[in-house]
Each structure stands twice: as C-alpha cells, then as structure tokens.
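Undergrad: Sequence:
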Amino acid sequence: MDSSDNLFNAISSLEKYITTEGYRGYDPYDGLMSPLFRLPVLRSSKTIRLYSQQIIKRLPFNARPLLFIKKGLNPVTLGLCAQGYTYLLKSGAEGKQFSAEYLESRIRSLIELLADNSSKGFSGYCWGYEFDWEAKYASNPAYTPTVVATGIITNGLFEYYRYSKDENVLRILESAAEFVTKDLRKNYEDNLFCYSYSPFDNQKVFEASRAGVLCERRRPFNRRSG
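Numbering-wise (this note's numbering), the sequence shown opens with residue 1 and increments by one.
Everything labelled a hint here was simulated from the structure, so no lab data went into it. Ideal Cβ placement from N, Cα and C applies to all residues, glycine included. Don't take each hint at face value.
[Said to hold, decoys possible] Cβ-Cβ distance ranges computed for the label pairs, FRET-style: (1) Glu178 x Phe61: 30 to 36 Å; (2) Glu167 x Asp5: 24 to 30 Å; (3) Ala63 x Glu178: 20 to 26 Å; (4) Leu50 x Gly25: 19 to 25 Å; (5) Ala135 x Ser99: 21 to 27 Å; (6) Leu192 x Arg24: 37 to 43 Å; (7) Asn168 x Val41: 35 to 41 Å; (8) Phe61 x Ser91: 16 to 22 Å; (9) Lys204 x Glu101: 44 to 50 Å; (10) Ser13 x Phe206: 24 to 30 Å; (11) Phe68 x Tyr137: 35 to 41 Å; (12) Asp166 x Arg24: 21 to 27 Å; (13) Ser44 x Phe206: 40 to 46 Å.
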C-alpha cells in the first residue's frame, strides 16, 4: 500500500464519520447553546456570557454533554465539506474510494442545506454560526451573518463552480456578493473604507474589505472565467 492509498483511506474514514454525524459537531465557541443561558440573569449579562463561553472553550475536557449542548449544524462546515468533495473530484479520487456520482450527490445535498440555512432578511445569500456568541465589542445572536462565515462558504462554492460551471451555484455566489456590498457597513476614512464584520457592528475587518472590493470590481461574475 503506497502513501496515496493511506491518504485516501484516512479521507474515507473521516468522510464516513462526518456523514454518519450528519455534518453535525461541536464548536469551540458554542458554549452559549446550553439551555442554562436562557435563564434571565445568564441570558442578559454580557460579562457572564463572555467569560462562560471562554471557560467552556478552554476546559481540558468536553463539558458540553454535561451542559446539555447538542452538536450543531454549522454552515461553515457545510461549505468546507463541499470544497473538500470538489477537491476529491479534481484529484481523481473516484477511482480509489469514491464514485464521481457519489461526490456530486454529496455536493448537491450540501448546496441545498446551505440554501436552507442561509440567514434571512438580507440582500443576498449569507451565513452565520448556528449559536449565539459574545465578542468583546459585539453580541451576535445565532445565524447573524458575518463576512468571515460567508467568505469561507463562498470560497468552497466557488471551487465547485470552477469545476462544474453550475449556473445555480453561480447565482448563489452573485447573491452573496450582494450581501457583502449592500449589507455590510463601510467605515470611511478620507477616500478609503473598511467593511464591518457583520451588518450590525462597526468593527473594521481588513480581510473582509479586500474580499468586498473584489466583489465590487467583479460583479457580475465573468461567466467565462475559470
């Protein structure tokens, strides 16, 4: 057995685990999914919520089952898996562990899940995490769309579009660009601006700004580009 066989065996075992779990799992920042944080004091105190989230994240053991935290379906996971399946298609892995039909069907099902789990009420497709979380300068309810989550997901979808030229995926990508350019806040300084992390804060996110400028320059997408 050569090294590529070992690699694809490991990928196959990982893929089996992920699909058996239904793409669900724990996240380092999912501590506020505990029903305890629905209690009045725990629900309203930013300090308690922020420190509790960090403690749960940093404990040397997984306390989530004790806190009744269930495994969540994170849209970012779906986007990364779609990207991974695309890489397997490109690599010729269907000749080793997976059929092309299987990989395509998995990607299509992930795209459907991503469409279903998109945050609603915005100018285009966008995604956030499935749990509430506290940051130093913001409180974000579950599914608050962020440029980071949306960017990771669209990166995965773009890889599949480059491979398949699927028009439905292209429409999702164009729609997500509308979210970035229309819903994110712009913090101006002279003739420059910086995009926010989400539509509801004024944090300056430099990587988001670079991605957003590319969206503005390339919209609508060049359908002939690879």
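Undergrad: Are Asp166 and Arg24 spaced within 21 to 27 Å by their CB atoms?
TA: Holds, at about 26 Å.
Undergrad: Evaluate the given range 21 to 27 Å for the C-beta pair formed by Ala135 and Ser99.
TA: violated, 43 Å
Undergrad: Take the C-beta atom of Leu50 and the C-beta atom of Gly25, compute their distance, and say whether it sits inside 19 to 25 Å.
TA: holds, 23 Å
Undergrad: May I ask you to test the hint 24 to 30 Å on the CB atoms belonging to Glu167 and Asp5?
TA: violated, 37 Å
Undergrad: When you take the CB atoms of Ser13 and Phe206, is the distance between them in 24 to 30 Å?
TA: Once the Cβ atoms are compared, 38 Å apart, the range 24 to 30 Å for Phe206 and Ser13 is violated.
Undergrad: Against the range 40 to 46 Å, how does the distance between the Cβ atoms of Ser44 and Phe206 compare: consistent or not?
TA: violated, 33 Å
Undergrad: Using the beta carbons of Leu192 and Arg24, state whether their distance is inside 37 to 43 Å or not.
TA: With Cβ atoms ~41 Å apart, the hint holds.
Undergrad: Could you see if the CB distance from Glu178 to Phe61 stays within 30 to 36 Å?
TA: violated, 43 Å
Undergrad: So the hint says 35 to 41 Å: do the beta-carbon atoms of Asn168 and Val41 match that?
TA: violated, 46 Å
Undergrad: Per the hint of 44 to 50 Å, is the separation of the Cβ atoms of Lys204 and Glu101 within bounds?
TA: holds, 45 Å
Undergrad: Could you say whether the range 20 to 26 Å given as a hint is met by the Cβ separation of Ala63 and Glu178?
TA: violated, 40 Å
Undergrad: Is the distance from the Cβ of Phe61 to the Cβ of Ser91 consistent with 16 to 22 Å?
TA: violated, 37 Å
In the structure shown, a violation is registered for the earlier hints numbered 1, 2, 3, 5, 7, 8, 10, 11 and 13, in ascending order.
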